[in-house]
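Whole structure, please, built from the sequences with the hints as guidance.
The primary structure of each chain is shown beneath.
There are 2 protein chains.
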Amino acid sequence: MSKLAKMVPAAMILGCAGAMGADWQTLPLHAPAPADNPTTPAKVELGKMLFFDPRLSSTGTVSCFSCHNVMEGGDDHRPTSIGVHGQLGGRNAPTVWNAAFQSVQFWDGRAASLEAQAKGPIVNPIEMGMPKLDLAVDRIKRIPGYQPFFERAFGQGGQVTADTIAMSIAAYERTLITPNSPYDRFVQGDKQALDARQQRGMQAFADVGCASCHAGANFSGPPMPAGSGFFMKFPTYLDNPYVAQYHLLDDGGRAVQTGKAQDQNVWRVPTLRNLTYTAPYFHNGLVKSLPEAVKVMAATQLNKKLSDAQAADIAAFLNGLDGQFPEQAMPRLPPTPGDLLE
Amino acid sequence: MSKLAKMVPAAMILGCAGAMGADWQTLPLHAPAPADNPTTPAKVELGKMLFFDPRLSSTGTVSCFSCHNVMEGGDDHRPTSIGVHGQLGGRNAPTVWNAAFQSVQFWDGRAASLEAQAKGPIVNPIEMGMPKLDLAVDRIKRIPGYQPFFERAFGQGGQVTADTIAMSIAAYERTLITPNSPYDRFVQGDKQALDARQQRGMQAFADVGCASCHAGANFSGPPMPAGSGFFMKFPTYLDNPYVAQYHLLDDGGRAVQTGKAQDQNVWRVPTLRNLTYTAPYFHNGLVKSLPEAVKVMAATQLNKKLSDAQAADIAAFLNGLDGQFPEQAMPRLPPTPGDLLE
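Respectively, the protein sequence lines represent chains A and B.
Just so you know, we're using the numbering used here here: the first sequence kicks off at 1 and counts up by one.
Just so you know, we're using the numbering used here here: the second sequence kicks off at 1 and counts up by one.
If you are wondering where the hints come from, they were derived from the structure by calculation, not from laboratory data.
No distinction is drawn between identical chains; accordingly, a pair holds when it is met within one copy or between any pair of copies.
No more than 20 angstroms apart at the CA atoms, straight line, and that leaves these computed lysine to aspartate or glutamate pairs for DMTMM-like:
hint: 1; residue 1: K119; residue 2: D138
hint: 2; residue 1: K288; residue 2: D138
hint: 3; residue 1: K119; residue 2: D36
hint: 4; residue 1: K288; residue 2: D339
hint: 5; residue 1: K288; residue 2: E342
hint: 6; residue 1: K132; residue 2: E342
hint: 7; residue 1: K141; residue 2: D339
Structure (structure tokens):
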């Protein structure tokens, strides 16, 4: 039995549970970390510096921050991102906020951890454009001011390697959590936290079946063993105008990576938190408004045609998932000494 | 008598004074502001948001911060910067740190104020690439979350205009000051703040004549009335290998802007603070190391050939001008609602 085939019925069972009253969970204040990369303040500090450092890109102009703007929604407000040399990417930048709660990373879930993910864009020719990870490592090594930070994070003699760079960035990303949304406060007992319309939308979200896939604390699926993602075929139902209008079949999704027919148009279920900040929507960023995105999902995934009022109610509920963004101090990046410039 | 002709002798007189002991000044803790744009916390807060907001560029990917990295030396560590669509600029990004103490802005001094400067890159086709300033204003207007910040900064009904955007950014930039460098502490009486080599370099800096142009608290020239810059011809002396090696005559400097023969290869005298962070050097960013830059300047501006030891001493002194960078909180940028996206 294929992974997908196993999962679809599971989601349907969850969907039935949702219709009777979903299992509403609040966002944890801390993200789990793998045993071999515990989150420490020293790693987080170093990871924040590296997250903001454009020297990890071939041109020295593109950092993780460039497409994952943590001063905003953790993405870039574009349909698809722009990397080095003005090159246009093929998919919408997923938010880095609460990414720590996704069991796999990237739209197609091809990275099993934040650590694995962090290395990807650096060597993607249309993102940060480094020909090899070693060249990025070499760049960071040539910045003497980084060395004490690697030692604090990884012990005396702490080496600058692709792994320690990725582990630091992942540690920082595990702190990018937006708790205490109106939804979270509502679930915790503050019945004023969501207004009447949002509460209607919350019930509709469960009744219509959205909660069957967008389950759990991060609304990105039920808990899964680390590295095994919660995937869905999108679009599942094709008899609606949205499939053509928004080019939903153009990108093969997970199949592009795996080459397997069963993965055609299969995607990781993304979080629904902070959607106010992350328009435009979907893997191709072609849907601008949230009520429209809700309608598209209902039609393509649940074969339901929502009224404007229903879609607006659900969108209002989803806006109640906007969390509190932690205050952050800007990192100070150490300079590359002139005589060590390439 | 041309402006340049008036200024060269003045600089020479200063040069003689420098040889006997330059007028060493420390960096003020506050920058002067024009009467019609007093620096207020509300303007600074808004200006910081706008400084970091890539939506001021046509692609939504380039902000002031992109080339003026205030997490580092206020520039971008590149010979010349890269703007929208991967386009390469023609000149090295000047640091934004202490720019408030420069009497004119840009390498060629074509902007008389930080306010005037701030509007330039937004509509420069190879920088932020907006076809018109009005389009940038429209972008910001379409972000409802900005409105309260404009009202706090400019009063009830505070309008989003090109002027209020520029005034806010300028107000933020006036807070980008790096005081308390070892040099400043030395001048204030802490005789341990510069080591013996740096003190030797300081004397050489005066004796050789560097202080004749790089005078004042910001090492960018004597105080001038706002809007009238302190300019110098560079290179002045052509009988040295550097002119050809570093293509010093290729860019006409101020003449490109004014079209006047007397402005050929004339440039604003830039600050020497925080050079540790701002390699590579000069308007074309072709000189990587600071001792080499010192030699180039001595040869082209003072017709002096420095020994390696002298250049290293002066470079050590200049590294003593690295100041304290203030801690800054990251701004939170309000989202563009999806249905208001272009």
